[in-house]
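Residue strings, one per chain:
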Amino acid sequence: MIHFQQIKTIARAEMRLTRRLARYWIFLSLSYLLAIAYYLVYSILHGSFSTYSATVGVLSPRFLISAVGLYYLFIYVVGAIFLAFDLRARDTRERVSEVLDSRPYTNLELVIGRFIGILLPSWIPILVLALLLEILGLLLVALGSPIGDTMNLISLFGFVVTMALPALAFALSVVFLVTLMVRNRLAAAVLALALLGISYWAAFYLPVAYGKWFDLLGYISLNFPSEISPVMLNLDGWLQRLGFLFAAFGLLGFSAAMHPRLDGGSRGKLASSGAGLIILALIFTGIGIYRNVSDIRLTERWKIAHEAANGMPTPDLQSITGGVTVEPGRSLNLEIDLTFRAPDNKALETALFTLNPGQKVTEALDATGRPLSFSHENGLLQLILPYPLAPDNETTIHLSIRGLPDNRFAFLESAIDPGMIKIGSEGNMALLGHAPALFKSRFVALMPALRWLPASGPETGRDDTRTRPIDFFSIDLSVDLPDGWLAAGPGRRHNVEGNFKGGRFRFSPGAPVPKVALIASRFESRGIEIEGVYMELLIHPKHIKNIELLADTGEKIQSWIRERLREASDNGLAYPYDGLTLVEVPSTLRTFGGGWRMDTVLAQPGVMLMRETDFPMARFDTAFRNPDKFKDREGGVAQVKWERLKTLFDSDVSGGNIFTGAARNFFNYQTAATGPGAFALNYVMKGLSSLLITEKTGYFSVHFYKDQRRMAQAITSTVNTYTVEQSTFTSIGDAAANVATARPGVWDKMLNVSLKDMDPWKNPAQMIDILTLKGNTVARSILDALGHENTVRLLASLRETHRGGSFTVDDLLAAGKALGYDLNELVGDWLGSTTLPGFVCSEAKAYRLSDSADGSPRYQLLLTVRNDEPAPGVFRFIESFNSSAGTGGRTSSPFMVVTPPPSKPIRLAGKSAIRYGKVVSQAPWAVILDPYLSLNREKFNIELPPIDPEKIEKVDPIEGIEEIPWSLPKEPFIVVDDLDPDFQVLDSEESKGMRINARRNTAGETDHGLPIGQSAFQIPSDWSRITRPMSWGKYRHTIAAVKAGNGEKKAVFTCTISKAGQWDLELYIPAKETVFPARKWGTWHLTITDSNGDEREITFDSNITAEGWNLSESFDLPEGDVSVTLSNKTDGKFVIADAIRWSPSAGR
Amino acid sequence: MRETMNRNANGMSIVIKGVRHVYKGNAVALDGIDLTIGTGLFGMLGPNGAGKSTLMRIICTLLVPTEGEVTVGGFDVIRQRREVRRLFGYLPQEFSAWRLHRVEEVLDTLASLSGLNDKASRRKRVSNVLGSVGLEGVADRKVKKLSGGMVRRLGVAQALIHDPRILVVDEPTVGLDPEERLHFRQLMTKLGRDRIIVLSTHIVADLGSGCSDIALIDRGRVEFRGSPTELIKRARGAVFEIGVTRQNEAEIIASMEVVSREENGRDITIRAVSGDGKLPAGAFPVENSNLEEAYLAFMAARGRGEEAAGKEQLL
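Going down the list, the protein sequences come from chains A and B.
In this text, residue positions in the first sequence follow this note's numbering: the first is 1, and each later residue adds one.
In this text, residue positions in the second sequence follow this note's numbering: the first is 1, and each later residue adds one.
Next comes chain B alone, as it looks inside the complex (with noise of 0.2 angstroms):
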């Protein structure tokens, strides 16, 4: 008792130390990972196959990794899965609930699963979070009834039904329409304001604004950890602009990351990244880059750029 109320003196966190993860056949997904998480929004960017959802699951209690040590609110995730459970609420990368449930049954039932006992403040919570996600009015539907999107709130509503001191987000917009993913980035950030949200994206626009601290993780690796400004700031002169007509188009930009193009009557505005720091001639650099661009010019700079771009453009 005295270690717990000592690690809620503390303040809430994820510690994470050495964390190194091997599937079979000698895949490595994690390759040392060393983190420490607090209070607020925390952004786990990385393309595909990075590891992040192998870390999510090492947090979640879902997998033991074949080294290091994680700690989530004090608790290790091996040793004392059940506290480490009852701390956080899940979305995982892939989410639907049973086909044959309604939709308040599926987050009652979660609700309890989750340690809500008493039926009445269930209930109540339940409406609640339905609410905060826009599925009041299908509360009584058969998940097999729900759209994607519907599916994908419900699954924020179940991993937010117990209110959790720690939300663990994996890839959470995908599949919402941008209104909802607006929403959604708003939901984000006003709940972490007091608890740990670990949000792990390939998608930058999901940190939104109230993200202040992010990790960019590579095969199984960190390369980053900073705020979203620090890492605006490291791209710096690697992106630029360049002007392009239809005929050179193609040919230009063959050798670059792409982040945008803008057709403007004859004229075609194109915005890249430079791997190397080099901007090929009649490109100028550009002062205000975003998030997005920083991300991808830091992937592009570890010769990765075309992952990190790739699927992004896919979206």
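With the rest of the complex left out, here is chain A (with noise of 0.2 angstroms):
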């Protein structure tokens, strides 16, 4: 019998000394500060970015306090071990012990209240740091601070009770245990925190469906918090936190079972509870992932039976109509015709549909009434026709369906699996959401990817689009919900009058879906008709602020959109449906499909969704609340709420761009692209809907969140943008877009391997990274040569031709040609090619003209750009004047220096040069050359000459560009650089004695076949390859460089020698700052092998360099091949390989 009278007295004697002791107090102030600067610094950062990018909704403070609680509880369980570490020997030290022992309590009493003793210390403080934050709120929100939220109660509650007790309580059970067993308290204390640390590396380290279960903080297991559909905790989440609690008691069970002191009790029956109560949480856990390797096994199950129907004839689905009603939270029945067309080529015997398992089918009718034999395993709805239904001929069939869907369904292809992501690595992904739907008492949303609609075909597949043509559908479903509901679909929701129980509702959007999806909860509505087309906006009631705060901005939205509307109207690409719903859903819905790409699943046909922590939660109030600071700007306040409003969604990089996905209805959800180069085409045409529709191209790939290193870097170049350049805001969206483009490995990639031969299911992150490089500059080059309107029209006679169908590359053609382009001709051959052009400034001139009539100074600019690539290309200069009073010279301050917008895109064809002449104004100070995509990879400076004010050249002016005859320089001499295929890097391996590594593909990401130099500080081990803009390059200007050694790795210049005599060698050596800041140069050795195989070493004293051409020495060579070696051995701290030039010495 356990008396609680003991219990309560020794814990209050423990807590009484945890209270009293410094260390209590150090990590109880460690972790309040710790959590209070989190809120502070998450507050500051969503009060500051949150109307700049919806991105940036997730760190809204009300959603975060398991955020903040992770760093705080992660503190306070360290604490809690050091806590606790030296109960026992605490009290033989203070010589109570046997005092202590001789008192009439057992063993499970002294352990049960000395754990409440410390437990209590340490979760009370937890309870009031979540009340502390939640006045501070309060305060803050009472006092209209422009930064600070409550918290979301639900979250609170779920940090305090599931997230800190289970952790609080299994730690100290783990502590008490282990002093037990080691009676060092030293020892002690490091094996708990051992053990910790395995815990936490295990959360975060092995895949989330593993790691999960030994996340003791419970961080994984809290859902994201959500006011429109809170839940706490999963089952899942619910057995790991309960196992953790249970273990506790069972550890504490054999705590009290070994511990030393004497007892009446008996050990074993201790012991066996205590093994009991673990048990009971092994049960747990184990049911748990018993249920995970089920799903996993279910959905694998799913998978084969889909694949297995591969290749089966697939009906086209034509028509989806008849009523859905839904019973939130409890059920959903459908009672739906379906109107469906056989192949064209071959008679359909059976018709073969993917519905969701966890639906049943209750009855099926043919067009007659009579009922059909079906099947519906694994997801796969086999209907048997009565007859075989004739090619191309259609029929209609009833489906009577109930049942809830089952989430586990969605996505059985995925490039990704959520579940085996790593959240210590790739955990930002989670900030994505994670249910595929939701059919709760508060919401609903049923995403297409759960196949509550039936679907034609298996679900495998679906998203090859080169040989599975999407399959468009027309749709008429009513919908009934409960009163009060309001529901967003295909379109607009048309309310249907009648004595229904609840409210019902009409989607009927009149033009072709390629999916449908159907959300539904208590929203407040607004909506109007603009240019024919219902715009509405369903966000929860408690979400209305910002709407109010910006219904000085309607106008100006009006206005833009019907702009947009009637010019895509006007030029035959109308919006095709009857509405446009924005609809605001919560954070834990998945924001990104499956498939290789994992496209957003934000856009659907005629309804944009819209996360809860995105507009809602953005602080508008906080961003206006000066709005006498904006009242000068052009347009007044409300236009730059409207500019705001636009870059929130345009800087959104979760998948909700509202832009980029509503410009999908105009094109690529009326139409899509088949056969070979699908997959670029159609993210072409969404680039170029996109561009002609709202300007915006956007950027959503999973893999950005996955990898947080890249998210970082975006991060990070975003906020220097920002905050360095201060005059413009880089939208995240362009960064991370950036980020992805920009890195070597993709343009490797690229250029080795056609859009149209690429397998996007090898590496789906690079597939998405190269189609945004290159898809993206294909729109925009198409939309520079072929102008807006034409471009439009372009679009317009492929949808009008292919509505409701697919087209091909060679319909994207003809559709070019018959509006007078060659579009092969205007961007090449981007889908089977891997060439590109490269850009050279062969000549910059600069100079004084006479005064204009009027005596206004003149300048001529002029410039010669070759394009030495077959493939032809697209740039701008971007140039800049000096404005300090017309005089010129590039000597002034580069405070007075103007940059007016780029120049027009110049479309330069393959093995082309041109000449540029402008005639200017102000002395032209710099021009900058804007390649959209070649070879030279990003924009580079053009050298210009100085200007002398007061010469004055007496030529005609050039104004415009020239086609001139294109040749390549003649030089006398031959220059090797890092990036020609004449230059390669040996490493020594002992036992394979030299290994050529130039184009080793390495597991890590390549420039080039090298590694990536990451670090402008850090001197690569290995030979690897850093981009150095001043160094020599003709496209790219890059370096090798390589950590000093003995000599063991090796750079090689190789060239041919054409004829034999006196040659001079020199080393391009880029200006010395720009190499390794304060690094020491040295002395670098050298080996110069001729084609008779004589051998030269020579050294090359780096030190006494300046930047350009430095001569090394003469020799007299043979003809044939020579070669130049650069080993690693040095007394400085690093060797570079830039570039090497042979000139004939009698030639100097």
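Simulated from the structure, these hints should not be mistaken for lab results.
Please note: incorrect hints may appear among the correct ones.
Rough simulated footprint, nothing fancy, chain B against chain A, three-plus residues with beta-carbon under 8 angstroms [stated by the list, open to error]:
id : region
1  : 100-114
2  : 258-266
3  : 856-864
No residue lacks a Cβ here, since even glycine has one placed at the ideal position from N, Cα and C.
Please dock the two separately framed chains into a single complex, following the hints provided.
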């Protein structure tokens, strides 16, 4: 029998002791400081940036208690170890153990009492912290603070109870047991810390499906909070937390059994009770793991079944009509008619559809009302037709479907299995939500991937549009919902009058759709009809604050939309549906789909989903708390608000960019590409429609979230642009796309495999980045080449011809031809070829002309640009001028420099050249050539000669672009650059001898075959490629560099000497301050091997070199191949290989 | 319940039968102890290492004897520890308390752990006990700020806090000043009237006048059991006085267990015990020997005089 008075007494004494320990207050202060600091940091970030990017919304302090609490809890769990690690030792040390041991309580009472005595002083501060943060939030809100918010109560409770309690309980019980097993208190602490460390590692660095079971702190188990569909923990989460709690009690039982104090109780009983509890904990965990494994097996079984059905003739779905009855959280009933067509080359004996296995088909009737035989297994609905459906004939069947869809069925095929990500390094992906669909009592989100409506054919292979065209169909659905509920679906929601139990709505958008999403809840609605399209916003009643704040932008928004719709309509690309709804969804809803692309699911036909953390929670009140600040701006406050709103959505990289999302309705949801290159074609068309309709491109890749390094780079780049340049705000979308597409690995792949030949499943992340890099450029090039109106017509023509069906690249070319354009000639074979243009500015002149008639100064800018590659390309000039009194001189203050918008895009055919002339009134300061997509990879400066303002050239001004004959310059010397094929790197490996490394594609990312040097300050230990703008190069400027060594790592430049004789060898040295600042240059060792095999070893003192070509030595060389080997042996800190030059000595 | 009533009717006692305890390494601490201890102050004398503390710890349920059986108030110390623990208060040889607790907090906690559940009566009891050991002025002082003597008095207080039927005190006066020792002896005498007090010490004076029953333990065995008077009687003829000069003092006392030394001008009177009953030349037996001398004489007769006296002298 347990005496609670004894437990209470021991607990009270222990609490008293704990509270009087200095280390208790140290840990408490530290964790409080950290938690409050994190709260404030998140609050400031959210307050400052949430209106700039919808992606930032997840940083809302309202939802971040678990993130804040994670750090707090981690510190406190470590603290708890140091509170409990010397309990027994302390009693012995303080010579009170014998007196205590002789008191009439049991060891179990002692252990429980002490456990409570440490647990409560550890847990109560967490409760207090939660209350403090809540009070702080309330105060900040009450005071109208620009930052901070109250905490979401569900998440607060989740943190305090489900995260903190089991975590502290388990950590303490482990320490209790360890201290009894290991008497040395320091060893006990180390062991407990090691166990905690292992738990942390397992939770954060094992795939999350397994790791979450080790997550002591409960961070992974706790759902990202939602206000509109709050769920604290799912079943796995409860099992995991209860598992830890029971395990804690079990360990306490063991501790009592193992306690050295003699006790009247049975140690065996205690141990077996402890073991029982631990077994219970293991059962809980086991059930969870079993469920996970069963889920994996089940989905695998489904997948296999669907794969087996691949290749079966599939019906071409024409329409779905009927009724859907939704009882939120309880039931979903469908009474629908499917009209489908047999393939045009084959009769259909059975009609194969995918339908969620959680739903049950209760009745299937043919067109005459007779029952149909059918089977519905593994999500495959096979209807036996009463008679074979002749090719291209259509029929209608009726289905009665009952039951709730099974979420596990969604995304059977996925490039990334969210269960296999590692939270420690890929955890940002969790910010994109996890629930494939929702069917809760407060919120329903029936997403297409759930296949809650039948979809033709098996589920697998659906995303391979090369071989399986997207199935478009028309829809006419009535949806019954409870009273007060509203729904968003494809197009406009029509109210159906009648005597129903709740509300009935009809969705009949008037144009085909490829998929159907149905979102329902108790929303607030705001809507307006613009150009015949009903635009509606459905938002949670709690989140209407921003709508009120932005009420004055209504006119601007309407006018912008009207303009877009009218323009598209005028050119034949009218918005296809009768409505477009923007609907708020919980943050728990997964924003990404499956397949190789894992594209956003927030953009659905006729409806855009908006996460609750995005616009609804953005701090527009903070951004516009001083409206007077903006009243002098053009368009006033309303215009600034509208611009900010556009920025918010445009900078959403979590899939919620409504501009790019809504633009899909115009083209991609009406027709889609199929056949070779379909992925790229669809991507380009998506980019084009987005550019045409909303002038945005956007970026969304799940891999961006998965690769936390990339995400951090993009955020840093965005913040740097914002804080350093200040004048412009680079959206995180642009930064993310730049970071993704600037990666040398992406370029290497793009230059090796054509888009047509690329298998997206081999490296989906790279495929997306290559599509982003190439697809966006091609879209922009087409737009530039055809112009806005003609491009709209091109899309309209394709859509008109192929609406509800698919098209091929030939169809696109034909459509272009019909408009008078040869797209292949304009943009090259971008699908089938890997070639790119390469631009070289061979001549740059700037001089003063005679003044104009009105006496204004005139300057001539004259540039000659060659494209030395066979592929055509496009570039722009970004020019800057010195505005200081028109007298020019490139030495003037840079603050007087003005940079007008870039030039119009200039198209340059393969192996061709142009001369670009421009007469300007201000002295040209600098010119940058900005290529769309070229071997140059990035924009580069064109060096302008200094202008003598006093010297006036008496020549005619040259204005415009003139094609000039193209030829490569004839040089008397031979240059080998580190990017040339004649440059290679050799590593010595003792066992394998020398091995060529330069073209080896290592597991890590490479640039032109070499590892990429990561930092300006870190010298790589292997030859690595580093981009240095001041180094030698034709299209790109890179060097190869290596850390000083013994000469075992070598770089070799090879070339052919055309004529025997005396040749000078020069090495190119970039500006020294741009290489490895503050690192010592030294003497390098070179070996020159001629075609006779004669070797000459020389040294090269890099200390005394200047920027540019530096003569090394002269050699008498025979005709033939000569190599220059540069080893890593040096008395300096590094060796670099940029370029070498051989020139005949006589010619110097 | 009936059994308990019978025990009560028979009076409280500690019964030790054939207790033997062997520590690791075959160190025999107790070697067949048989004792029955009844109400009153029971003194357990013996040199350090004799096995007294081991026996005390066995009685207090802190140690399981290798052999034998011990019952306290009729309850077996192994099988009925909880019941036994309710009966006694224990002051171990080495005692302190949680340094960060206040004096009254220590006593309150230990009182509650000893079964005093009622808060008001516990407070009263704490106050009374603090008064009885003279710590009422430092009730709210933290233990870490107490002197050694105060800590010892706190030890006594905690042993008495729940008014136990049996009191087990091990070397209780170590660290106390003479006045405190006197006070302690008086307290023990008073308490011993209606309860069992087992007092283990190697300081004979600690037993005081209230002690009517003693056991001399040496090398794990009870070598004497009886009243102090009996022990004194046994020492008759073995305690003597001898006069020495400064010149020959060292030579003469080298072969005897000296109890006391008194200088009287040039004369020095040595009081000592003889282990073998033979008195040195010039010595004359003392008729009125005290308990301390009797104990030394007893131990000296067993060749253990040095251990018994040596430590005593040190103290």
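Here is how each hint holds up against the structure:
Using a Cβ-Cβ cut-off of 8 angstroms, 7 residues of the region 100-114 of chain A lie near chain B, which meets the minimum of three, so the contact claim holds. Check on the region 258-266 of chain A: 3 of its residues sit with their Cβ under 8 angstroms from a Cβ of chain B, so the three-residue criterion for coverage holds. A count of 0 residues in the region 856-864 of chain A with a Cβ less than 8 angstroms from any Cβ of chain B is obtained; the coverage claim is therefore unmet, three being the minimum.
The structure fails hint 3 only (numbered hints given earlier).
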